[in-house]
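**Student:** Okay, here's what each chain looks like letter by letter:
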Amino acid sequence: MRIELQKRPIASRLFSAFSPFLALLLTLVAGAIMFLILGKPPISSLYTYFVEPLTDTWSREQILVKATPLVLIAVGLAVAFRSGNWNIGAEGQYLIGGMFGAMLPVLFNDWQSPLLLPLMMLMGMVGGALYAFIPGILKARFGTNEILTSLMLVYVAQQFVDWLVRGPWRNPQGMGFPGTKSFNSSAVLPELWATSDAHYGTIIAIVVAVIVWFMLARTTKGFEVAVLGQSPRAGRFAGFDAKKMTLFAFLLSGALAGLAGIAEVSGSVEKLDDKLSLGYGFTAIIVAFLGRLNPLGIVAAALVLALSAIGGEAAQITLQVSDRAARVFQGLLLFFVLACDTLIHYRIRIVRPRRHISQGVA
Amino acid sequence: MKNLVIALAASAAALVSTAALADGHAKTKACFIYIGPTGDFGWTYQHDQGRKSVEAAFGDKVETAYLENVPESAEAQRPIEAFARSGCNIIFTTSFNYMDPTNKAAAKFPDVKFEHATGYKREHANVSTYSSKFYQGRYVQGQIAAKMSKTGVAGYIASFPIPEVVRGINSFILGAQSVNPDFKLKVVWVSTWFDPPKEADAAKALIDQGVDILTQHTDSTAAMQVAAERGIKAFGQASDMIKFGPETQLTSIIDEWGPYYVERVKAVMEDTWKQQDVWHGMAEGNVVMAPYTNMPEDVAKMAAETEAKIKSGEFEPFTGPIMKQDGTEWLKAGEKSDIGTMLGMNFYVKGVDDKLPQ
Chain A
1 MRIELQKRPI ASRLFSAFSP FLALLLTLVA GAIMFLILGK PPISSLYTYF
51 VEPLTDTWSR EQILVKATPL VLIAVGLAVA FRSGNWNIGA EGQYLIGGMF
101 GAMLPVLFND WQSPLLLPLM MLMGMVGGAL YAFIPGILKA RFGTNEILTS
151 LMLVYVAQQF VDWLVRGPWR NPQGMGFPGT KSFNSSAVLP ELWATSDAHY
201 GTIIAIVVAV IVWFMLARTT KGFEVAVLGQ SPRAGRFAGF DAKKMTLFAF
251 LLSGALAGLA GIAEVSGSVE KLDDKLSLGY GFTAIIVAFL GRLNPLGIVA
301 AALVLALSAI GGEAAQITLQ VSDRAARVFQ GLLLFFVLAC DTLIHYRIRI
351 VRPRRHISQG VA
Chain B
1 MKNLVIALAA SAAALVSTAA LADGHAKTKA CFIYIGPTGD FGWTYQHDQG
51 RKSVEAAFGD KVETAYLENV PESAEAQRPI EAFARSGCNI IFTTSFNYMD
101 PTNKAAAKFP DVKFEHATGY KREHANVSTY SSKFYQGRYV QGQIAAKMSK
151 TGVAGYIASF PIPEVVRGIN SFILGAQSVN PDFKLKVVWV STWFDPPKEA
201 DAAKALIDQG VDILTQHTDS TAAMQVAAER GIKAFGQASD MIKFGPETQL
251 TSIIDEWGPY YVERVKAVME DTWKQQDVWH GMAEGNVVMA PYTNMPEDVA
301 KMAAETEAKI KSGEFEPFTG PIMKQDGTEW LKAGEKSDIG TMLGMNFYVK
351 GVDDKLPQ
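In order, the protein sequence lines correspond to chains A and B.
Residues 1 to 362 in my numbering are what the first sequence lists, from first letter to last.
Residues 1 to 358 in my numbering are what the second sequence lists, from first letter to last.
Wrong hints could be hidden among the right ones.
[Stated by the list, open to error] Keeping only pairs whose Cα atoms sit at most 27 Å apart, straight-line, the calculated DSS-like set for lysine-lysine is:
hint, chain 1, residue 1, chain 2, residue 2
1, B, LYS108, A, LYS181
2, B, LYS309, A, LYS275
3, B, LYS309, B, LYS332
4, B, LYS27, A, LYS275
5, B, LYS204, B, LYS243
6, A, LYS181, B, LYS198
7, B, LYS355, B, LYS150
8, A, LYS275, B, LYS108
9, B, LYS186, A, LYS40
10, B, LYS52, B, LYS243
11, B, LYS243, B, LYS147
12, B, LYS150, B, LYS350
13, A, LYS40, B, LYS204
14, B, LYS274, B, LYS147
15, A, LYS221, A, LYS243
16, B, LYS324, B, LYS184
17, B, LYS350, B, LYS311
18, B, LYS355, B, LYS184
19, B, LYS243, A, LYS40
20, B, LYS104, A, LYS181
21, B, LYS150, B, LYS186
22, A, LYS181, B, LYS184
23, B, LYS301, B, LYS150
24, B, LYS52, A, LYS40
25, A, LYS275, B, LYS61
26, B, LYS332, B, LYS147
27, B, LYS52, A, LYS181
Keep in mind that the hints were calculated from the coordinates and are not lab data.
The shape of chain B in the complex, shown without the other chains (with noise of 0.2 Å):
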């Protein structure tokens, strides 16, 4: 059997063979990794478009190819590598746990260079690790929930308990609470960045707890559609999902990638490129508020404000005083959060609702 597929494919090949090699050697050739579909909507989405800003910018002068859908297990490494084989120049790994796949791809491959987002191991010089500081926007979403809500409490549907989830959690948190001191934060696990029957069934149960306003670390819009059905307002993920709540989203945090992307394409073309470690946020233009609607005018103002002040840098949402869940101070007044802490965060603030699984 394999005989005849050998036989009938070099047949093919030789028909082909020309058309193959007439691809440009000059061409520099970015690639991409996704957790999810790119018709996700969210997360994906925006790590696409990303990849379109690349092509946008350079034209002939760049190729891009991505691959969807790739699990976060040892099932990752294959994929990478068939990307560093078939002659990428830098390549995006675009989740969380790709990071022990892309620093064992980055031993092979030294001549490739690597682009991990949101992780932290940076075993091997091509390796480098960028992530955005959405927190910040977590804070303004919070201020929003707090003023919108007539329950006074907001669910939020969480994936995985790493730090950069925990740290979003927590900002929100703190902005609900700079409005209204009482308020609450129910959270549900769903243990997975993509699964939008998952995602659906856990907002359910959150509005059937009680809480009016959703928002969301997973990857897709069943959260807002859901919301939308329930007439409850909800926060977009990672892209405008305005299209999928024009009644409900109250704003979203949008991950801008583009500039990102484009920046170290460029790097790799101009032969600059070196290992960084890269927390952008609103300052930069990496996180932007999507436009803020389905809220009366002074709470949009407040909002505006606030991103204002965090986009100057006048304000940081970690910030004390703030408590911990357990009751014990971790920031006196005034007192601003180490990064390592910001980066490594594994505790709750005080009011959230909900044990952090260890």
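Here chain A stands alone, though its shape is the one from the complex (with noise of 0.2 Å):
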């Protein structure tokens, strides 16, 4: 017996719209299901982790800080993946554009100016988009497979940075610690308000995602995007170029990245350190999906999957659950996400054995 997927005439627009929803609603009933084996309270236990944040300012200050770098990610990812460029590697752009920003107050630690900040920004950018742009041009030139190459570039992006900051760039007065030296002011990106932990960072991300929203839905070139990745035939007629939408794909997605990584070096850490890749790019993926690939979409989606990730620590503290719970919710979401939009175009079909059909021939 063997299961096969066949792809449904026409998929149900009521459901389509709903998929993230259902989603959502099927990870929160599994949830509760693994707080009542872990042996919670399932429900006061979703409580804390879902709705507790949202109850005071730090809490949601600190969601905005999370969900900064997944929507710069994300946005760019959904580029990529409408135009069916598998950009699987952002965590590596992410690090490398962290990198390549930190590369000015690292090198020229008591450099002070203006143009310090923006510099560093448009540095992070240079960094993921030039990182990104080794599968892009594998894939358009070679024909590569980029979901591959991009994926093994994030390891070698870790080890890279793991190395500087042990090596080369690390603070002479850190007493070993990995980590550059700490910035000066004028590379730190503001804070939102006075003794606020948001930063700039999150207005870029909201002026990123409108700008990317807009050339999707308004401009030819999301035009192009849409009818590249839906149709690759169709798009050639059009007089679309599918190879150098792949490396567009890929250098904008890259950028983006990069920006969200130097966003969080310069907004959040304060200096380059060892720790700066924490899955961001990984998460970014489901931010994605769950936001329909659609930009504005994301944003809703990257305040949903960092509401998670602070409730996860909400729930260590109160609940004393494990920190794993906390990535097991984020796995049976994108889970849901992936599961629901498959079943909403195909349906499952069970194929009998062959032998049985040619019994039934003979």
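Using the hints, put the two chains back together into the complex; each one sits in its own frame.
**Tutor:** Following this line, the structure appears as structure tokens:
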């Protein structure tokens, strides 16, 4: 017996629209079951997880801080995914972007100038774009599988940044701990308001999301992305160049991941250290799909994922569940998002074994 | 999407609101930030044993909570503050590089008491620091190593070149040289507190270089397990690791945090908590040696005697004559190191076959 996926002639519009909500609901149900198994009261656990963090300013700020890199990365990924380019290596581009942007304050620690921050952001985008260019050009020129190359480059980036902050860039006064010197104040993204942890990266992320939304929805470029993504053949007839699109998709998603990296480095960490890679580049893939590859949907989805991360910490504190529980939630969410999407577009068909059929013929 | 979550959860909130308020207000809440998992069977495991001692000592009057795997980076700030906001009265942050986040949080929450393990910054009146004289146990281990080693070389898996770690290395080699003046020590820096595969790799590398005794300043049992596989002897770290090397462990330095944690939580309850900097050792029961196993009786006897002498204060490992690695004299015969030099130790003594990372 074999199980096959058969494309439905028409996908239900109703379910297409509700798919993310359905996935969220299923995640909550599965989460409740998980808490039951862990011996925790499920409803109040879910409350701690998903509501309590929304009830005070401090937690809301933390959610904004967490959501910021997710929005930036996922918006770029949405363009790549829509155009049929599977950039799975945003985590690496995020790291290299952070590293490129940090280059200025690390190498010129005393340099203070109003130009510094814009330059750092620009450098971050350049770094991320250059790093994404590698899988991009490999795909466009040689037809390599971009899923593999972009993913593998994540590990290269992780090791490289790790080496930098333990070796040549290590703070000489840092007692041997990996990490550069702390940046001076003109290399730090300002806070949104005094004594806040939220920084201007959040504003940048929202502006970027709106711009990319506009590009996708209202410009020829956006049309080109959609056509080439849905039907490369039709795109060719329309005179669109799929190879150029591949490069565009990788450069754009890489630049935004790099921007996320330097925004995080400059706004939150205030130095480059070995703990920059927290998996934002991978979580952003969940965010992109949960947001239906729509930049505005992505802003909402990033807030949900950030909420689950902050709620996960709250749950550790008040419920004493392991930090793994938060990751299980994220995994469940992606699983249900993809499963719902798949089942909306395909139906499951059970194929009888061939032996049976041939017997019938004989 | 967010609205859906709010709506869903709001209905849930209505169901549980009474239960959430049922918490007693009189309870003292003690909270712990851990660098590794409580199941590392080393450093974090021992701190968690200390937390359990607090629960055992005060029962209903106390509530405890902990967060594990909190990275030593800017990411530590949020969990520490989350603890302070969740009503913790006292927060123990149990790794060196929580130093700045702890002090930053202390500034924001003046009513919460902070206790930072192994650090030296007390920037606010509500921050205390505490540590143990682990180096006392290292000296005993050095003596045992020199007696037990056939190659005359021991291996040391080190984490970060902070004074606490350097002090341990120096004390170990001084103990070894008191038995065998030509004893050598090889050091591998792994730049992590807890990373079992990395610790295991370091152990293998050291064994391949000919060491036949292993000791470590990292948190997992990986090195002990490698030593057991390769048939050499090793010292446990932070906790009794005999289960992971029944025929391998010679002894282990056991960190006993329980008495200190109980004392400090009690001080919060009785409103007598004051800022302090505490450095206890064998005499106070904070540094305990695991049973001397897998060694001849005379070696065990020697170790026990040294332990007793350190405990009674009759002997102090950092007593001259001691030469620095570069050949200059550090302490004259009979001279004892001052506390400042010990706390800021940033040099090797003679016999360490390694260059101290700067």
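**Student:** Just to be careful, I want the Cα atoms of LYS221(A) and LYS243(A) compared with a cutoff of 27 Å; is the pair within it?
**Tutor:** Holds: LYS221(A) and LYS243(A) sit about 14 Å apart, inside 27 Å.
**Student:** Check whether the Cα positions of LYS27(B) and LYS275(A) lie no farther apart than 27 Å.
**Tutor:** 36 Å, violated
**Student:** Take the C-alpha atoms of LYS186(B) and LYS40(A), compute the straight-line distance between them, and say whether it is at most 27 Å.
**Tutor:** 49 Å, violated
**Student:** Is it true that the CA of LYS108(B) sits at most 27 Å from the CA of LYS181(A)?
**Tutor:** Holds, at about 24 Å.
**Student:** Within a Cα-Cα threshold of 27 Å, do LYS309(B) and LYS275(A) meet the stated pairing?
**Tutor:** 43 Å, violated
**Student:** Can the restraint linking LYS275(A) and LYS108(B) be considered satisfied, given a maximum Cα separation of 27 Å?
**Tutor:** Status holds; Cα separation ~24 Å.
**Student:** Hint check: LYS150(B) vs LYS186(B), CA-CA at most 27 Å. Holds or violated?
**Tutor:** 15 Å, holds
**Student:** Under the criterion that the straight-line Cα-Cα distance not exceed 27 Å, is the pair LYS243(B), LYS40(A) satisfied?
**Tutor:** Roughly 32 Å between the alpha carbons, so the hint for LYS243(B) and LYS40(A) is violated.
**Student:** Taking 27 Å as the top limit, are the C-alpha atoms of LYS52(B) and LYS243(B) close enough?
**Tutor:** Judged against 27 Å, a Cα distance of about 21 Å means the pair holds.
**Student:** What's the verdict on LYS104(B) and LYS181(A), does the C-alpha distance respect the 27 Å limit or exceed it?
**Tutor:** 18 Å, holds
**Student:** Holds or violated: LYS324(B) with LYS184(B), Cα cutoff 27 Å?
**Tutor:** This hinted pair holds, its Cα atoms lying about 14 Å apart.
**Student:** Would the hint linking LYS275(A) and LYS61(B) be met if the CA-CA limit is 27 Å?
**Tutor:** Since the Cα atoms of LYS275(A) and LYS61(B) sit roughly 38 Å apart, the hinted pair is violated (cutoff 27 Å).
In summary, the structure is inconsistent with hints 2, 4, 9, 13, 14, 19, 22, 25 and 27 from the numbered list given earlier, while agreeing with the others.
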